[in-house]
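As you go down the protein sequences, you meet chains A and B in turn.
Taking our numbering, the leading residue of the first sequence gets 26, the next gets one more, and so forth.
Taking our numbering, the leading residue of the second sequence gets 2, the next gets one more, and so forth.
Just so you know, these hints were derived from the structure itself, not from any lab.
Note that the Cβ used here is the ideal one computed from N, Cα and C, for glycine as well.
Take the hints with a grain of salt, since some may be wrong.
[Unchecked claim] Okay, the calculated beta carbon distance ranges per label pair:
(1) A/Val75 to B/Gly112: 47 to 53 Å
(2) A/Val88 to B/Gly88: 32 to 38 Å
(3) A/Met216 to B/Pro87: 28 to 34 Å
[Claimed, not checked] Partner residues are not named here, just some residues of chain A that face chain B (Cβ under 7 Å, in silico):
(4) Gly87
(5) Glu118
(6) Val119
(7) Leu150
(8) Ser186
(9) Ser188
(10) Asn194
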Amino acid sequence: MHICIDDYLLDIVQNSFEAASTRVELVLDETESKLTCLIRDNGKGMDAGVQKRVLDPFYSDGVKHTKRKVGLGLPFLSQACEACQGTFALHSEVGVGTTVEFSFNLGHLDAPPMGNLVSTFVALLSHPLAKELVIRRTVSTRKGTSTYTLSKEELEEVLGSLSTSGVLNLLREYIHSQEEEVMTYHVEPKMQSETRRTQQEM
Amino acid sequence: MAKMTLEELRKLRDQKQGEMQKRDIEGKDSRIVIGMGTCGIAAGAKPVLDAFLAALEEKHIDNVSVTQTGCMGLCYVEPTIEVIVPGMPDVIYGKVDAATARKIVEQHIIGKQLVTDHMFDRPAADIIKKDGGK
Chain A
26 MHICIDDYLL DIVQNSFEAA STRVELVLDE TESKLTCLIR DNGKGMDAGV QKRVLDPFYS
86 DGVKHTKRKV GLGLPFLSQA CEACQGTFAL HSEVGVGTTV EFSFNLGHLD APPMGNLVST
146 FVALLSHPLA KELVIRRTVS TRKGTSTYTL SKEELEEVLG SLSTSGVLNL LREYIHSQEE
206 EVMTYHVEPK MQSETRRTQQ EM
Chain B
2 MAKMTLEELR KLRDQKQGEM QKRDIEGKDS RIVIGMGTCG IAAGAKPVLD AFLAALEEKH
62 IDNVSVTQTG CMGLCYVEPT IEVIVPGMPD VIYGKVDAAT ARKIVEQHII GKQLVTDHMF
122 DRPAADIIKK DGGK
């Protein structure tokens with residue numbers, strides 16, 4: 026099981042890369058109480074039968090790992106969203122692509138911590154199967170709104186191939202400066218009391 | 002630090018490239034491949050990627066390729082990484098944390114010596130410790 030929200034993002038965006046997408050979008054909208062995420066790709070998509078089964082941890086298409094009986098990425102994510110009374114939705118069409126939309130209720134006791142988005146974005150942008158990846162991150166609170174956008178194609182035009190240690194460290198520095206800027210608008214979520222489900226409810 | 006623009010990033014890269022060319026080519030053609038499947042991520046592969054980048058920066062090595070792959074089939078010893086250095090056997094290291102990552106940079110990439118207590122695959126079984134470095 027993953028610990029932080031950024032781990033889920035890393036895991037699920039990789040699915041899009043592996044689905045032969047040429048363009049993947051990751052959109053993160055953070056408010057004082059909620060993080061809404063959207064991952065959209067133009068990869069091979071899934072038919073209705075597969076879509077029904079991907080949330081089952083004991084389902085895998087068996088292509089990547091032929092003998093494996095589990096596939097935990099999406100089941101982990103939907104479970105984590107559900108645990109903090111967030112939302113989870115999957116839309117997919119064969120040959121068109123897949124969209125995963127989900128949210129975390131940040132003030133909930135069981136909401137995972139955010140983790141390190143800078144590292145996650147470095148890892149995703151430098152992923153060897155990522156062609157174009159556009160990341161848009163917005164923080165919108167009573168302090169104001171700030172957004173930054175990262176595009177792999179744009180960054181490679183400036184830095185060259187995102188594959189060597191020197192370039193990745195420059196990339197990290199760049200993303201860090203963007204993240205620092207939006208975090209000046211961040212407000213710690215107010216913890217909601219009594220949000221943990223009681224024994225009877227479960 | 003003020004929010005950087007793409008133009009500033011380009012300048013920084015040009016400046017760094019100038020420095021790089023003067024330097025000896027220590028990590029040339031070396032590769033670090035980090036297992037970033039669900040299992041790797043859950044076990045902490047991302048902090049390991051951070052640690053590799055930080056250690057390489059500290060040693061001023063800019064030309065090691067750092068890339069990712071999915072699960073390498075050794076989920077029980079995640080995080081796993083593969084290190085490929087010309088003139089040395091390809092090695093898969095397991096149970097790698099930030100401290101081990103630093104050791105791999107210093108000992109394997111720079112020192113050209115294997116870090117035997119974290120080896121889980123590749124070179125002949127007789128030079129891998131029986132308990133797999135537990």
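Hint by hint, here is what the structure shows:
Under the hint 47 to 53 Å, the C-beta atoms of valine 75 of chain A and glycine 112 of chain B, about 48 Å apart, fit the expected range. In this structure the supplied range 32 to 38 Å holds for valine 88 of chain A paired with glycine 88 of chain B, their Cβ-Cβ distance being about 35 Å. In this structure the supplied range 28 to 34 Å is violated for methionine 216 of chain A paired with proline 87 of chain B, their Cβ-Cβ distance being about 53 Å. For glycine 87 of chain A, the interface hint is violated, the least distance from its beta-carbon to any beta-carbon of chain B being 14 Å, above 7 Å.
Residue-level restraint check for glutamate 118 of chain A is violated (minimum Cβ-Cβ distance to chain B is 25 Å; threshold 7 Å). Annotation: valine 119 of chain A was flagged as interfacial toward chain B, and the flag is violated, the nearest CB pair being 23 Å apart, outside 7 Å. Checking leucine 150 of chain A against chain B by beta carbon gives a least distance of about 11 Å; that is not within 7 Å, so the hint is violated. Because the closest C-beta pair between serine 186 of chain A and chain B is about 9 Å apart, greater than 7 Å, the hint is violated.
The beta carbon of serine 188 of chain A is positioned within 7 Å of a beta carbon in chain B (closest approach about 5 Å), and the interface hint is therefore held. Taking 7 Å as the C-beta cut-off, the interface hint given for asparagine 194 of chain A holds, the closest approach to chain B being about 5 Å.
The structure fails hints 3, 4, 5, 6, 7 and 8 (numbered hints given earlier, in ascending order).
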